[in-house]
Amino acid sequence: MKELLQRLTAAYGPSGSEEPIREVIKNEIKDYVDEINVDVMGNLIAVKHGSGKKVMLAAHMDQIGVMVTHIDEKGFLRFSNVGGVGVPDIIHRSVSFQNGLVGVIGYETGDDKGWKETRLDKMYIDIGAKSREEAEKMVNIGDVAVFTPSFAESNGKFISGAMDDRAGCALLIETIKRLKKSPHELYFVFTVQEEVGLRGARTSAFSVNPDMGIAVDVTLTGDTPNARPMAVKLGAGPAIKVKDASVLAHPRVKALMVKRAKEAGIPYQMEILDFGGTDSGAIHLTRGGIPSGVLSIPCRYVHSAHEMVDAMDMENGVKLLVKILEEEIDI
Amino acid sequence: MVDLLKRLTEANGVSGNENEVRELIRQEVEGLADEIKVDRIGNLIAVKKGKSNSKKVMLAAHMDEVGFIISGIGDNGMLKFKTVGGIDPRVLVSKRVRIGSKRYAGVFGIKAIHLQEPEERENAVKLKQMYIDIGAKSKEEAEKIVKPGDYAAFDSAFVPFGQNKVKAKALDDRVGCAVMIELLKDRYDFDLVACFTVQEEVGLRGAEVAAYHIKPDMAVVLEGTTCSDVPGVDEHLYSTVMGKGPAISFMDRTSIGNKSLIKALTAVAEEKGIPYQFKKGTTGGNDAGKIHLSRGGVPSVVVSVPCRYIHSPSSVMDLNDFYNTQKLMYEFLKGCEIV
Amino acid sequence: METKQFLKELVEMSGISGQEAAVAQKIAKAFEPYCDDVRIDSFFNVYGKKTDMHLDGAPRIMLAAHMDEIGLMVRDIDENGFIKFTNVGGVDQRVLLSQEVIVHGKEDLFGVIGAKPPHLQNPGDEKKAVKMKDMSIDVGLPADKVKELVEIGDPITFLSPLVDMQGSYVNGKALDDRASVAVLLETMKELSRIRFSAEIYFVATVQEEVGTRGAVISTYQNRPDIGIAIDVTHGDTPDASKDDTVSMDKGPTIAIGPNMHPKLTQRLMDIADEYGIGYTTEVAAGPTGTDARSMQISRAGVPTVLLEIPLRYMHTPVETLNMETVKKAARILAAFIASMKEGWEEWLTY
Chain X
1 MKELLQRLTA AYGPSGSEEP IREVIKNEIK DYVDEINVDV MGNLIAVKHG
51 SGKKVMLAAH MDQIGVMVTH IDEKGFLRFS NVGGVGVPDI IHRSVSFQNG
101 LVGVIGYETG DDKGWKETRL DKMYIDIGAK SREEAEKMVN IGDVAVFTPS
151 FAESNGKFIS GAMDDRAGCA LLIETIKRLK KSPHELYFVF TVQEEVGLRG
201 ARTSAFSVNP DMGIAVDVTL TGDTPNARPM AVKLGAGPAI KVKDASVLAH
251 PRVKALMVKR AKEAGIPYQM EILDFGGTDS GAIHLTRGGI PSGVLSIPCR
301 YVHSAHEMVD AMDMENGVKL LVKILEEEID I
Chain H
332 MVDLLKRLTE ANGVSGNENE VRELIRQEVE GLADEIKVDR IGNLIAVKKG
382 KSNSKKVMLA AHMDEVGFII SGIGDNGMLK FKTVGGIDPR VLVSKRVRIG
432 SKRYAGVFGI KAIHLQEPEE RENAVKLKQM YIDIGAKSKE EAEKIVKPGD
482 YAAFDSAFVP FGQNKVKAKA LDDRVGCAVM IELLKDRYDF DLVACFTVQE
532 EVGLRGAEVA AYHIKPDMAV VLEGTTCSDV PGVDEHLYST VMGKGPAISF
582 MDRTSIGNKS LIKALTAVAE EKGIPYQFKK GTTGGNDAGK IHLSRGGVPS
632 VVVSVPCRYI HSPSSVMDLN DFYNTQKLMY EFLKGCEIV
Chain Z
671 METKQFLKEL VEMSGISGQE AAVAQKIAKA FEPYCDDVRI DSFFNVYGKK
721 TDMHLDGAPR IMLAAHMDEI GLMVRDIDEN GFIKFTNVGG VDQRVLLSQE
771 VIVHGKEDLF GVIGAKPPHL QNPGDEKKAV KMKDMSIDVG LPADKVKELV
821 EIGDPITFLS PLVDMQGSYV NGKALDDRAS VAVLLETMKE LSRIRFSAEI
871 YFVATVQEEV GTRGAVISTY QNRPDIGIAI DVTHGDTPDA SKDDTVSMDK
921 GPTIAIGPNM HPKLTQRLMD IADEYGIGYT TEVAAGPTGT DARSMQISRA
971 GVPTVLLEIP LRYMHTPVET LNMETVKKAA RILAAFIASM KEGWEEWLTY
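Protein chains in written order, with the working numbering: chain X, 1 to 331; chain H, 332 to 670; chain Z, 671 to 1020.
None of these hints come from the bench; they were simulated from the model.
You may find that some hints are simply not true.
As the list claims (entries may be wrong) - Simulated restraints on C-beta separations:
#: 1; chain 1: Z; residue 1: R709; chain 2: X; residue 2: H92; range: 25 to 35 Å
#: 2; chain 1: X; residue 1: N226; chain 2: Z; residue 2: N750; range: 43 to 53 Å
#: 3; chain 1: H; residue 1: T597; chain 2: X; residue 2: V38; range: 17 to 27 Å
#: 4; chain 1: H; residue 1: G493; chain 2: X; residue 2: K74; range: 53 to 63 Å
#: 5; chain 1: Z; residue 1: M835; chain 2: X; residue 2: E326; range: 56 to 66 Å
#: 6; chain 1: X; residue 1: G52; chain 2: Z; residue 2: E702; range: 30 to 40 Å
#: 7; chain 1: Z; residue 1: S838; chain 2: X; residue 2: P225; range: 33 to 43 Å
#: 8; chain 1: X; residue 1: N226; chain 2: H; residue 2: K386; range: 19 to 29 Å
#: 9; chain 1: H; residue 1: G405; chain 2: Z; residue 2: Q936; range: 21 to 31 Å
#: 10; chain 1: X; residue 1: K233; chain 2: Z; residue 2: V765; range: 29 to 39 Å
#: 11; chain 1: Z; residue 1: G760; chain 2: X; residue 2: K233; range: 28 to 38 Å
#: 12; chain 1: X; residue 1: D211; chain 2: Z; residue 2: K776; range: 22 to 32 Å
#: 13; chain 1: X; residue 1: K113; chain 2: H; residue 2: Q447; range: 29 to 39 Å
#: 14; chain 1: Z; residue 1: R709; chain 2: H; residue 2: K386; range: 14 to 24 Å
In this text, all values refer to a predicted model and were calculated from it rather than measured experimentally.
Built from N, CA and C at the ideal position, the CB exists for glycine as well.
All chains, full assembly: derive it from the sequences and hints.
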């Protein structure tokens, strides 16, 4: 799992430019599935045939990033956000473009107001170029940079950017590899553009038209000093989502997930997130409605350059998903 | 083309009340399209059958403009209103409107400068304090010609000025409609489905419906977009620059442009020597937001004419940008191999 | 079942967004005597189908009223047995202090949202609203007992029976929008007495309060030619502007604006005038905060109208309305549906 996560989090793939991460995932799973397709939006859809229920599993490949909108005469790059990029999370961070070019994000200090008053349009990427001409040789308007990859392990926790949602992708990949027999028709969809509005999930759910959907994504925790109140703790097991801003988990799907966790003796926790959304937000409202739930991976510091997940939560997440897919689905 | 644009911008069609614009466009495309219909939400769809295949390329430009809807009549004969679509209340002060299909004259008045305290003039007028004065002396008199639910549009004539510039209301998006009407004059290899959509300004609603029943293979949205190359704005926030040609969008709040389509468009522009630019801002949304997510997904891209001061009665455009947008689209569709 | 009794029993049940199963069952049972077929889908939307097609090419009409109510949900249980909660749907945190609630765990538990007494507050505290995250529900049990009976995600509703007031006024919780579900029942009763030619779907939708989600999926399933949404709107009170509210005593309200089909809306008003049923009008400048919002843009589009019941104190445990309006709304709708004869397609054009 550690090596897999390392490979996945190092791959480039901001919303709208998921090609590299898609290739990495494709290579991981191609020997374990019956069919692989890429649809119009760029979603990677892997099928394991079966005759029971049609189940769609979704984890998003895309990560947040910053898009170059302007190159000034001195070679500094102005940018816009791709997905939810918070000012405090990017100040003085290192970012990398697809071609490997590295830059540092700075902000205008002339008004003496400090970083709290700054906004994205008062910030810039410094690639060390001395002029517009020099910069234009290395980068174009429209290019997107992501947090420079870095991976660390500490006390059974994995720390890296893009755990949201490469951790979910890892969980699905491991599930695909470990699933011995499932009676169901399984669609493992590695979606695009979740961070900009659950877009890949919406179109892939329409095409796949499953009987049930389960998204796998990260969620926040409430166990850091003076944290915003939340019951989820890192290391207490994968979380079964009750609600977030995009979806009220279908009671029967939620109950099924709890039932299988209890049967297999897998630790789990119930999760409520007051804001935020996941692919199930789009999946459940597709066509005539698709009962959906979410398997959440507890994660601290979401949307920062160093998101932290627990190795046992990941392992238990795989176990739970495998158990759910190997058994009957009665919703 | 300029005369067409004049008639289009001077027609009134606030979101939810696009009749006048729809009828005008219908007459224009009658002789050009093979099939014309109006769907269940009011979109006007004009189809030009293809010469060699029946793949569908959907073009979309919205007929509606931002404006007002009358919400009540005061005892004093003044009209209460709500804004339809996004309008900065500060542009309303002392502007003229035309109400209903009979175009009754109204004004957004505020008290004369002589009657104001100096501090009052520092603060923006709040929308809730505003009213439209049609000159009626009482509720009964006003009720004879106006009722709640009537729509009002900015009163702003199409005026060529400066060097190749025009001032008009609703350049967003009558300019897109004008380009689409021009493009219907030719026949292409594939089916061209030109959708004049409704209610874009209140949530991209017409486009969502149109894409569902059209099921296109590809879509290009034609818009009028922000151009902020004006004093007081940092260069990197211009979004687009007047005179530099049609703007192709990488990304805005509602969609990320399909990369193959962006590449194909720039290749055509380069090859045919048509000036173009990339839209640098990522704000705003448009019909592509709903079209690209229709059913299983539709490859889509947005091409815009730069317009200064959009969503106000006096937006400004450079006619060369308009012609170049039409030219780019024509060359792109002629040689299009994407479908 | 008598409509007011039905409404009383309905509002006293628990059915917050996402947890409507029991309410759906009750509604389905009430619909049965007046419909040809009643079904409940996987999200608990209830569909009562009533058909009479003696004319060729009759329209398929879908009426929608939402059955879900706003409420609260268990977020956590602290070490002293106090329950921390979050909201489901738009709950004004200012109505919560001292509110009596029911926590629907393995058993229904009576609880109180506690308020600090004035004696213990700091000067100036009384000027600021207490935040929901600082409130707790006291169910009077020790922590271990609470944890046995209650878990994260359990729904919590206001304890608020339907109470009769002067004249035909009543107050209670969840009148938004179960009063409109009562309108559905009343309408199907009316239509059992008169001739009409249409295929009608009376739909009690779910999850309106969190984004008209039930309407999205039910309209997609039904594919109606015409959509009629029934919801509540703001009745006049002294502290609200007359521009934003409607009279409580002049009948139901017909909404006008881009979300509603102009010809169809005019037709609804003409029918009401013809039958001498009073109504008021209200203008909405964009997509309304009701099921109509999603119905209009379903699939290839659905011409939609919106009929509203004026209601005071929306989203509080003491929502107040005039029961007369429920009857009037049903009469207008029945007459509107019965008026759909040959040439009804004309009414859907622009």
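Status of each hint after checking the structure:
1. For R709 of chain Z and H92 of chain X, the Cβ-Cβ distance of about 59 Å falls outside the hinted range of 25 to 35 Å, so the restraint is violated.
2. Taken as a hint, the range 43 to 53 Å is violated for the pair N226 of chain X and N750 of chain Z, whose Cβ atoms sit roughly 19 Å apart.
3. A beta carbon spacing of about 24 Å between T597 of chain H and V38 of chain X agrees with the range 17 to 27 Å that was offered as a hint.
4. A hinted range of 53 to 63 Å is violated for the C-beta pair G493 of chain H and K74 of chain X, which are about 32 Å apart.
5. A beta carbon spacing of about 58 Å between M835 of chain Z and E326 of chain X agrees with the range 56 to 66 Å that was offered as a hint.
6. Between G52 of chain X and E702 of chain Z the Cβ separation comes to about 33 Å, which falls inside the hinted range of 30 to 40 Å.
7. Take S838 of chain Z and P225 of chain X: their Cβ atoms lie about 56 Å apart, and the range 33 to 43 Å is violated.
8. In this structure, N226 of chain X and K386 of chain H break the distance hint of 19 to 29 Å, their C-beta atoms being roughly 59 Å apart.
9. Taking the beta carbon of each, G405 of chain H and Q936 of chain Z are about 24 Å apart, inside 21 to 31 Å as hinted.
10. Range check, K233 of chain X to V765 of chain Z: Cβ separation about 32 Å, and the 29 to 39 Å hint holds.
11. Here the CB-CB span from G760 of chain Z to K233 of chain X is close to 29 Å, well matched to the stated 28 to 38 Å.
12. Restraint check, D211 of chain X to K776 of chain Z: a C-beta distance of roughly 29 Å satisfies the suggested window 22 to 32 Å.
13. For K113 of chain X paired with Q447 of chain H, a C-beta distance near 33 Å keeps the hint of 29 to 39 Å intact.
14. The supplied range of 14 to 24 Å is broken by R709 of chain Z and K386 of chain H, whose beta-carbon atoms lie about 40 Å from each other.
This entry does not satisfy hints 1, 2, 4, 7, 8 and 14, going by the numbered hints stated previously.
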